[in-house]
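*Asks:* Okay, here's what each chain looks like letter by letter:
2 protein chains.
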Amino acid sequence: MKIAVDAMGGDHAPEAIVFGTVQAAPDVDGELLLVGKESAIREAYPARLPENVRVIEATEVIEMHEAPVEALRRKKDSSLVVAANLVMQGEAEAMVSAGNTGAAAAAAHMMWKCIPNISRPAIATVFPSKTGRFVVLDSGATPDAGVQNLVEFALMGSAYAEAVLGIQKPRIALLNIGEEETKGNALTKQAYKALKSAFPEFIGNIEGKSLFKGEADVVVCDAFVGNVVLKTAQGIGDFFWYMIRDALEKRPMMKVLLGPILKATFSDIKRKTDYAEYGGAPLLGVNGMCFICHGHSNAKAIKNAILFARRGVQRHLTDIIAERARRLHAEEPEYV
Amino acid sequence: MKIAVDAMGGDHAPEAIVFGTVQAAPDVDGELLLVGKESAIREAYPARLPENVRVIEATEVIEMHEAPVEALRRKKDSSLVVAANLVMQGEAEAMVSAGNTGAAAAAAHMMWKCIPNISRPAIATVFPSKTGRFVVLDSGATPDAGVQNLVEFALMGSAYAEAVLGIQKPRIALLNIGEEETKGNALTKQAYKALKSAFPEFIGNIEGKSLFKGEADVVVCDAFVGNVVLKTAQGIGDFFWYMIRDALEKRPMMKVLLGPILKATFSDIKRKTDYAEYGGAPLLGVNGMCFICHGHSNAKAIKNAILFARRGVQRHLTDIIAERARRLHAEEPEYV
Chain A
405 MKIAVDAMGG DHAPEAIVFG TVQAAPDVDG ELLLVGKESA IREAYPARLP
455 ENVRVIEATE VIEMHEAPVE ALRRKKDSSL VVAANLVMQG EAEAMVSAGN
505 TGAAAAAAHM MWKCIPNISR PAIATVFPSK TGRFVVLDSG ATPDAGVQNL
555 VEFALMGSAY AEAVLGIQKP RIALLNIGEE ETKGNALTKQ AYKALKSAFP
605 EFIGNIEGKS LFKGEADVVV CDAFVGNVVL KTAQGIGDFF WYMIRDALEK
655 RPMMKVLLGP ILKATFSDIK RKTDYAEYGG APLLGVNGMC FICHGHSNAK
705 AIKNAILFAR RGVQRHLTDI IAERARRLHA EEPEYV
Chain B
405 MKIAVDAMGG DHAPEAIVFG TVQAAPDVDG ELLLVGKESA IREAYPARLP
455 ENVRVIEATE VIEMHEAPVE ALRRKKDSSL VVAANLVMQG EAEAMVSAGN
505 TGAAAAAAHM MWKCIPNISR PAIATVFPSK TGRFVVLDSG ATPDAGVQNL
555 VEFALMGSAY AEAVLGIQKP RIALLNIGEE ETKGNALTKQ AYKALKSAFP
605 EFIGNIEGKS LFKGEADVVV CDAFVGNVVL KTAQGIGDFF WYMIRDALEK
655 RPMMKVLLGP ILKATFSDIK RKTDYAEYGG APLLGVNGMC FICHGHSNAK
705 AIKNAILFAR RGVQRHLTDI IAERARRLHA EEPEYV
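Chains as they are written, first to last, in the working numbering: chain A, 405 to 740; chain B, 405 to 740.
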């Protein structure tokens with residue numbers, strides 16, 4: 405197995421990327437291809453790289469705020485394009501990038517194309533819940549999704565939850581603004597019917613307030629809504645920690661006495677809600693494993709993203725999605 | 405001033421409603437009209453009602469899960485319809501209900517009609533932020549909103565923030581999945597341009613992760629997205645408290661030692677995030693003040709909703725919206 409890692413993408417690139425790759429190396433039965441400027445990589449990690457980490461030279465870098473498609477066209481020798489090319493040529497099975505999210509998604513989508521019978525890709529983000537974890541998709545790839553897209557998202561999210569997260573018979577739900585079948589906007593009302601007829605594991609609508617109770621394993625929505633949920637969750641998490649810090653700042657004695665104890669007490673909450681635990685989010689529906697990491701990714705996030713990408717390859721996630729999409733396409737009418 | 409209160413709506417009706425009304429009475433310079441079954445109201449509050457609280461008999465009750473429009477047609481003598489009628493007849497200036505949200509919104513919308521030049525109503529929900537508070541609208545009334553709706557929501561939310569919440573020159577933002585003007589789905593890309601040309605106070609797009617930093621005072625979105633944000637925020641809040649409790653349960657000694665201190669320390673966080681502080685959310689854009697409360701509302705929530713409704717009437721919120729809508733309509737082209 406070979407996994408291409410975009411060494412130049414991310415706010416802490418190349419250091420965090422190289423360190424994360426080195427940390428992942430012992431657990432990968434295959435080769436990690438660090439794609440980027442060799443001089444910068446060597447400078448970030450002057451020691452000898454592990455046996456199974458190889459540097460692939462790429463002279464250009466796509467910056468975080470470049471317009472994705474234009475940047476891909478212009479920077480043919482960027483670390484991202486070279487990494488995506490390795491997968492396209494069959495020289496790697498997966499790609500991991502913490503760079504420009506739009507550019508990474510566009511590279512995988514445009515260069516690898518969608519899996520047959522999948523019309524658009526989706527980014528699947530893992531969230532913690534009271535009972536474990538759940539996947540929300542799409543959280544960034546397809547903002548104006550139609551019913552058919554949502555059905556495909558359910559299929560892909562379910563395959564991911566089963567093959568990579570190890571959840572048996574994942575329960576699929578539709579993110580909606582009411583629990584009853586008749587609730588929602590034009591899209592979700594139609595999508596409810598389509599999901600119900602396509603998946604025996606479909607458990608109906610789920611509201612935002614129930615997401616974190618662990619009632620569903622795969623939550624389907626369009627990328628606009630999914631991205632708003634993802635970022636609102638981050639925002640509220642930050643806000644909570646801010647309020648806790650603020651409450652302690654106002655009580656200096658309490659801060660001195662309780663600070664360290666609270667830190668220890670809350671460390672598992674921090675861990676549970678740490679985006680770095682999952683490292684990144686897969687772009688599902690394309691011909692190859694693509695893991696997109698947060699721009700802020702540290703070495704731990706990169707390491708974990710590589711290990712999840714490895715698991716996706718080992719468990720043949722792309723083939724599973726292709727096979728299920730073929731079957732669904734044969735059985736089901738198409739929705740607009 | 406007269407405010408009609410739906411005594412029968414809500415999970416804890418009529419007790420919580422009657423108690424909340426009695427608590428609000430001393431602060432209201434006018435009359436509170438408790439609409440519902442007189443026998444049930446007297447049973448809930450056997451003591452003498454304050455001078456300025458009067459019971460208006462209504463024999464029927466619309467239940468929480470009835471289909472709104474059908475229920476309104478069938479139950480002409482329900483507490484909700486009778487209360488809405490009082491406003492329609494000019495016998496009250498405002499209505500407060502913790503009953504079936506859809507029925508309350510539909511009653512105000514269908515019976516009172518929209519303010520001229522406002523095409524659809526919106527529910528405005530107040531959230532706490534690091535620096536104060538902000539309003540999100542629409543959070544429930546108009547799921548499939550168009551650009552013109554979002555422009556009207558901005559106008560109404562701004563008038564509410566200024567007149568009722570006392571925020572000078574409220575900053576208006578569009579909830580979106582990126583900060584740049586070019587980001588978003590079809591609706592938000594168009595809405596950005598329309599908002600920019602209509603309001604000098606428009607500060608651009610805001611992402612979910614920045615909402616709670618206090619960067620905007622009025623956040624505009626369609627009801628689907630707004631409702632998802634509202635309920636996700638509730639869900640995450642619950643999840644956080646659950647994790648904190650859980651962390652303490654696992655450390656019984658720490659719970660005994662820290663429990664009471666933590667409770668005191670976090671009481672202001674609880675208060676800041678308590679929905680009951682704002683009591684309810686106004687349905688803006690209709691001819692009259694309508695405050696819709698959470699089904700779980702306790703007496704405090706009802707009291708606060710009544711006091712916010714009073715302020716809306718005192719500050720002539722409906723007239724302000726009507727005047728601004730008239731001016732906007734005269735100046736601006738219409739968006740689809």
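There may be inaccurate statements among the hints.
Just so you know, same-sequence chains aren't split out, so a pair can sit in one copy or run between any two.
Dumping the calculated SDA-like pairs for lysine to any residue here, alpha-carbon to alpha-carbon at most 20 Å [as the list claims (entries may be wrong)]:
(1) LYS617 to ASP650
(2) LYS534 to GLU681
(3) LYS667 to LEU652
(4) LYS573 to ARG458
(5) LYS600 to ALA451
(6) LYS654 to ASP723
(7) LYS659 to PRO430
(8) LYS613 to ASP642
Derived by calculation from the structure, the hints in this document are not laboratory data.
*Asks:* Each of the hints needs a verdict: does it hold here or not?
*Replies:* Hints and how they fare:
1. For the identical chains of this complex, LYS617 and ASP650 are inter-copy neighbours only, at 14 Å across copies versus 27 Å inside a copy, given an alpha-carbon limit of 20 Å.
2. In this assembly of identical chains, LYS534 and GLU681 lie within 20 Å of each other by CA distance solely inside one copy; the values are 16 Å within and 27 Å between copies.
3. Taking the shortest alpha-carbon separations for LYS667 and LEU652, both the intra-copy value of 12 Å and the inter-copy value of 12 Å come in at or below 20 Å.
4. For the identical chains of this complex, LYS573 and ARG458 are neighbours neither inside a copy (38 Å) nor across copies (57 Å), given an alpha-carbon limit of 20 Å.
5. In this homomeric assembly, LYS600 and ALA451 never come within 20 Å of each other (Cα to Cα): the closest approach is 55 Å inside a single copy and 53 Å across copies.
6. Proximity of LYS654 and ASP723 under a CA criterion of 20 Å is satisfied in neither setting, with 56 Å inside one chain copy and 42 Å between copies.
7. In the homo-oligomer, the alpha carbons of LYS659 and PRO430 never lie at most 20 Å apart, since the shortest distance is 41 Å inside one protomer and 41 Å across protomers.
8. Taking identical chains as interchangeable, the C-alpha atoms of LYS613 and ASP642 lie at most 20 Å apart whether they share a chain (18 Å) or sit on different chains (8 Å).
The structure shown violates the earlier hints numbered 4, 5, 6 and 7.
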